[in-house]
Amino acid sequence: MLQNYLITGLRALSRNRAFALINILGLAIGMAACILLLLFVRYEMSYDQWLPGHDRAFQVQTFNNDPENGRNDAMQMSAYAVGRALKKDFPEVEKVAYVGQGRPVVLQNGVATTAPVLMADPDFIDIVQLPLVLGDRSTAMKDPFSLLLTESEAARRFPGVNPIGKTLSMVRNGKTIDYHVTGILKDLPKNTHLAVTMLVPYSMSAVGQPEAFYTRFGWNGGYNYLRLRPGVSFADLAPRMAAWEKRNIAPQNFGGAMVSEGDNVDWKLTPLADIHLGKADGAALVPTNDPKAIATFALVALLILAMACINITNLSTARAGQRAREVALRKVMGASRRQLIVQFLGESLVVAVLAMLVALAIVELSLPLLSKFLNADLSMQYLGAQGVLLPVIALVLGVGVLAGLYPAFVLSRFDPAPVLKSNRSGSDTQGSGRLRSLLVVAQFAVSIALTICTAVVAAQTFYARSADAGYNRDGLLQVTGIGRKQITPVADSLVDAVARVPGVIGVGRTTIGVNTDSKINTTVRISGNPRPIELGNYNVDTGFFGAMGLSPIAGRLFDRANPRDDGRVSLAEQPGEAEQLAFAARGMNIVLNVEAVRKLGFGTPAQAIGKTISLAAVDEKYGLVPATVIGVVPDVRLRSFRDPYEPIMYIYDRSYLSEMIVRMKAGEAGGVRDRVQAVWQRYAPQVPFEAQFADDIVRAQYDADEARATTFAAFAGLAIVVACLGLYGLASFTAERRTREIGIRKVLGARDRDIVRLLVWQFSRPVLIANIIAWPVAWWLMRDWLNGFSARIDLGPQWFIGAGAMAALIAAATIIGHALKVARSSPALALRYE
Amino acid sequence: MLTLSALRKAYRTETVETTALDAIDLQIDAGEFVAIMGPSGCGKSTLLNIIGLLDRPSAGSYTLEGREVSRLTEGALTDIRKRRIGFIFQNFNLIDELTVRENVELALLYHGISASERRTRVDRVLDKVGIAHRAGHRPSQLSGGQQQRVAVARAVVAEPPLILADEPTGNLDTAHGEEVMRMLRSLNEEGATIVMVTHSPAHADYAGRVVNMLDGRVLLETRRAA
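Sequences listed follow chains A and L, in order.
Be aware that the first sequence starts at 2, since it is given in the numbering used here, and climbs by one per residue.
Be aware that the second sequence starts at 153, since it is given in the numbering used here, and climbs by one per residue.
Check each hint, because a few of them may be wrong.
FRET-style restraints, in silico, Cβ to Cβ [to be verified]:
id, chain 1, residue 1, chain 2, residue 2, range
1, L, Q293, A, G718, 53 to 59 angstroms
2, A, W781, L, Q293, 43 to 49 angstroms
3, L, Q293, A, R326, 23 to 29 angstroms
Negatives, chain L to chain A, calculated, CB over 12 angstroms [to be verified]:
id, residue
4, E169
5, R223
6, T230
7, D248
8, R273
9, P353
Hints listed in this document are in silico derivations from the structure and should not be mistaken for laboratory results.
Computed from a predicted model, the values in this text were never measured in an experiment.
Using N, Cα and C, we set each Cβ at its ideal position, and we do this for glycine too.
Could you build the full structure based on these sequences and the hints that come with them?
And the structure:
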């Protein structure tokens, strides 16, 4: 019996090759797209789950929620003091480790390079159990000068020798420290929130932060990891956190207002495996992903698969007439309805199996490409815990049954007598035709909505890359490392020398720069407002605005000759009491951007000039320092277009400046860069020259966005292909079914183009109706998505009309071949008696 | 009206060539009513299809209203067909999805006639064949005789000078068959040229000339005195 079903199934397929091809190919594309996307989704959800003991390990994350300032964000960093206080107050916390990141100069064989290095408390490798290839986990970080390298880093630095015991020097806080390799870490896979190539024990003296860095709760410069004791749920700690904050963070007098670093801030323990898709995306070692984006990918996967299933259902019912006679004869021979349903389900299962084989081949071929493109470690195994064999079998069964169920019921319903007598199917009931139209409308609604979304996402990505950020990126070079201790003595003369390089128009230094990690906020007070206000607080020198090409909207910029412009408390590293008192008495001048003027409520930029705010530029006990606004500059977008404009207070303070901005003559940038490099190497041979053009920085900033947008576009394209395959099949069957009608029309004088128009219109109509469904859905989705960007494109009608027109054109092109063929056929043939 | 000379039609498949029509010479004058008779497979329908420009001869010449049509383009044939020729089929060939009125209107649809004009003409012809009361029904809701009346209405609504009927009574009972034949005779009396394929000697009697065919050839022509 089963063999008979299989034979009829395969023969039914081979009898109509085009039908079989559309069904199998369409379903294969659908399945392959689904598997690829779900592999990606699974990969995104697999972050850090491979770490042993990850379920007891947590990162302490900082959540800001300030309804008054409209601030609601979170970051992975937390203050040093937070981790220590948690360990002290909660017996459930077994271990805590602080991790700082840096990019020190590394000296090896006399060559200076910079490299990312994590500094961590020794317990770190016990909490986050990074796999060790060589060395002992319990002792590897005990020595303060021990060094752990990843396998590939070790192979690169010490090729061909046993790296254990080898020495590597790093310049920390101006001092050279020798580290000895004590362990080798396995190379980390890509699905981790950590980026580690070198790991050394944390040392306060090597970091060189002031004491306040270790006592304040609002100074975020690193990461806290902790491990809970076995059997403790982190949910148990959450309700006690508010009281813990109160107990640990004392309110301070801030110019008369009592404020606490715990105001509007919550600290939460986030399990390691939840970091990658968590809310805290600020200060991440590895960029996080938006769970909504992942959910969207999963949704698209299922939609494409559903569309392929619709094709099978549609084509099977459409050609039901062809098989009416077979069904009738089987019934006459005594087949029960149940047997017929089983038979037709069996056929769709055969299609599903064949499609899956093709799909797996497609996946095997395209997975490495997709993996590379998305910068992910995507892989597929068939067996084992992560094996896809069982899901694949489930998918085949599910798809086979789902796609075959309705046709099976329709086909098995025929009454044999009229079918056999009339030779006409009588099967193509009004109902199944309407269902087909409905399903085609659904397919195209999905395709059109995906197309709109793709177009909007692509346009926004392009816009973010190319739109006016408020400053000219042409010939703008950003050189990092000017803030290193080794350079400090020569920094001013280095900058002056760079300014004299032919082709250089302007040079300036800053702590903000183009898309740097540096984010420094400070709270200020204005008289008459009891609440402190948070502003971005960035140091610049007098060359910065000129190099950026920013002119004041109101007032003036910093002037070296004006002593009050200088926001540096003292030339000494640790200003004394007298200097701090004098500075507080003297006051300082600041430059604001437009957003800061708005946030402070100063009215227009011109009205802001001369206004005074108070800030904690010296130790609190000497009082707040009055700062007078001397100028207002335009807002510029130095970070992502997702972020709103930052309210910024610029201070002329040369005590710490991390980036050097060099403006070059347009068209000469390459040669000028080399000359700037030569100057740098002459003044600071011990620090590598690390420079990037602003254009490249901004481009790289949106690489991941663009890769995702392109992937999305590719899969939206596949969805359209699947929908069109279905339409193609339907058109061919309908054309066949309507041959007689078209013959009559031709006999009565219809020309070829009348027939083509008739058929094209018949199939374009569902596509047009699909627009009505797709447009509002796409509008709603994209409005929501675009709202995540501070600077965004208009959601104008062009996207909707364009996508709709494209779908209609593609649909028309798909069926015009059939229409022409039918239109050109001889009417005499069509009317030959049935 | 039309002249066929040395007309030949052969169908070719991969292995066999079948001659459907062989050396047909036939002239039909305007205003004639011609019946074509013969056993199944003798080529009657093929001949009618060629006369109706639905099919092309393999060889020979076909002059319709003084114009050689055997080598015209498909577009030109379509144009002649819709202006000069009306068709009536044995199995009616009405479109199930359209109403009676729409089926008849179809014959005017491709003529560039305004909607109101079409409506007037369709109403007039439906009245004439006595089916006006069923104008809004679907073909499947009508009896065979009523369906054929609709088909006749469709054939004549564009007022073609030549009407071709392929066994128009083949699917009808005697009473309905007679009714259709009377309708054809009155059309002929109004001036239309009619060529009809039939199996029924009784219905052939309505024609002024009977052409008997066998194996693709004209066997015998019988003219009746008017």
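Status of each hint after checking the structure:
no. : hint                                   : verdict
1   : L:Q293 with A:G718: 53 to 59 angstroms : violated, 48 angstroms
2   : A:W781 with L:Q293: 43 to 49 angstroms : holds, 46 angstroms
3   : L:Q293 with A:R326: 23 to 29 angstroms : holds, 26 angstroms
4   : E169                                   : holds, 18 angstroms
5   : R223                                   : holds, 16 angstroms
6   : T230                                   : violated, 6 angstroms
7   : D248                                   : violated, 8 angstroms
8   : R273                                   : holds, 14 angstroms
9   : P353                                   : holds, 22 angstroms
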